[in-house]
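Mind docking chain H on chain L? Use the hints.
Letter by letter, the chains look like this.
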Amino acid sequence: MAFVNQETREIQLKIVYYGPARCGKTTNLEVVHRLIRPDHKGDLTSLDTVKDRTLFFDFMPLVADVVQGFTTRFQMYTVPGQVMYNTTRAIVLRGVDGVVFVADSQWSEMAANVESFKNLQQNLALQNKKLDDVPYVLQFNKRDLPKTAPVHYMEFLLNNRGKRRPSFTSVATSGEGVFETLNMVARLVLHRFVKDASTAAGSRARDIKLV
Amino acid sequence: MTYELTRRDVNRLRKILIELLDQSEADSCLICDGAGHVLAHENVNRQDPLLISALGAGVFAATRELARLLGEDEFSTVLHQGMKRSILIAAATDEVLLVVMFSGEHRVGLVKLYTPTAAAAVRGVFESIQERGEAEEESVDHNFVLKDTGNIFAGKPG
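Chains L and H, in that order, are what the protein sequence lines are.
The opening residue of the first sequence carries number -10 in my numbering; numbering runs sequentially from there.
The opening residue of the second sequence carries number 83 in my numbering; numbering runs sequentially from there.
Okay, chain L solo, but in the shape it has when bound:
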């Protein structure tokens, strides 16, 4: 849920990188952190295990000058991909404004992609949200590896929900496709924010649950 602070003239938006284990979610943020202009980024914080698997989440704030008169802060998160960490994924998804679904292009990972995509929908449903109502993009990662599924097959598998969503091929380790994906999801989230803010005339903090 986007947040506007009229005192500091700041907009805060939350974007979550979602996908199966070892698909490249953390790598996306690491590459952005390494290559983006210093004045656009904060520190990248990773809560991971000794084997460098994400245990809770990765977090990195980005700042952009894209709304007149306001500073826009994007709060970038990843979720742990391993199936057993579903509670954590649900926690990180709270209040999400946009999603990047990172899919592993290897044939051997297709079932994991589909399972994770279903899991995303289930966890959004816990917040009474439908995936179709959330701005999201797809990233087909690891295109440099052998035995990858054709893009049209992955589109058929993951991008067949009536309205087709933007999708990108990527090799996150080399940076290919990383910024294209980031810019598209940021753009979608911003346009949704402006649309919601204008139609609801700024629904104010009344929407915060007090119970």
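Any given hint could turn out to be false.
Negatives, chain L to chain H, calculated, CB over 12 angstroms [claimed, not checked]: (1) V55; (2) G58; (3) E104; (4) N108.
Capping the alpha-carbon separation at 35 angstroms, the derived lysine-lysine pairs in DSBU-like fashion look like this [to be verified]: (5) K97/H - K30/L; (6) K118/L - K229/H; (7) K152/L - K97/H; (8) K238/H - K184/L; (9) K229/H - K184/L; (10) K119/L - K229/H; (11) K30/L - K152/L; (12) K238/H - K152/L; (13) K30/L - K166/H; (14) K30/L - K229/H; (15) K97/H - K184/L.
Think of the hints as simulated: they come from the structure by calculation, not from any bench.
Heads up, the beta-carbon is just placed ideally off N, CA and C, and yes, glycines get one too.
Relative to the frame of chain L, chain H by itself:
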């Protein structure tokens, strides 16, 4: 979905934080929501509030899950106590958290004593926001104009 705090709302929250710092002798404090957004802060440096909010919201949500597993409705506060610095997180509402950072073992009692009062005051602010009518709301800028979004973030080569 979007929600918004007016200048007056934020100033009311900051006043509560300043009073809490004064009474409890804590170093800094902030108010964040369950998504990790920073709503207001006092004495926290420019970079830290975002990270503290992200981690604080995550920690508290995980604690809530633990409470649920143990059959508790909720653990209303979480205290992480270190040798030099400590942090206390308290729920003001279901969605809003009060995070207090302090130094020294001797201040734990003060922080524990005054934080619930501050959390109740924060809750009061959000209750009053919910109760007030559209007509009473301040005139604020809802006309968000996007600049060029063609290439928001650029990476340097290599």
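Taking the hints in turn, this is what the structure says about them:
1. Residue-level check failed: V55/L sits 5 angstroms from the nearest beta carbon of chain H, not beyond 12 angstroms.
2. A Cβ of chain H approaches the Cβ of G58/L within 12 angstroms, the least distance being about 7 angstroms, so the stated non-interface status is violated.
3. Non-interface call for E104/L relative to chain H: holds, since the shortest CB-CB distance, roughly 22 angstroms, exceeds 12 angstroms.
4. Remark: the non-interface label on N108/L is consistent with the geometry, its nearest Cβ contact in chain H lying 17 angstroms away (cut-off 12 angstroms).
5. Between K97/H and K30/L the CA atoms are separated by roughly 30 angstroms; this keeps the pair inside 35 angstroms, and the hint holds.
6. A hinted pair counts as satisfied when its Cα atoms are at most 35 angstroms apart, and K118/L with K229/H qualifies at roughly 28 angstroms.
7. A hinted pair counts as satisfied when its Cα atoms are at most 35 angstroms apart, and K152/L with K97/H does not qualify at roughly 47 angstroms.
8. With a CA separation close to 32 angstroms, the supplied pair K238/H and K184/L stays within the 35 angstroms bound.
9. In summary, the hint linking K229/H to K184/L is supported, as the alpha carbons are separated by about 14 angstroms, within the 35 angstroms threshold.
10. Our distance criterion of 35 angstroms between C-alpha atoms is met by K119/L and K229/H, whose separation comes to about 29 angstroms.
11. Annotation: proposed proximity of K30/L to K152/L holds, straight-line Cα distance about 32 angstroms (limit 35 angstroms).
12. Using a Cα cut-off of 35 angstroms, the hinted pair K238/H and K152/L holds, with the two alpha carbons roughly 33 angstroms apart.
13. For the suggested pair K30/L and K166/H, the alpha carbons sit about 29 angstroms apart, so the restraint of at most 35 angstroms is met.
14. Between K30/L and K229/H, the direct Cα distance comes to roughly 19 angstroms. Compliance with the 35 angstroms bound is thereby established for this hinted pair.
15. Annotation: proposed proximity of K97/H to K184/L holds, straight-line Cα distance about 33 angstroms (limit 35 angstroms).
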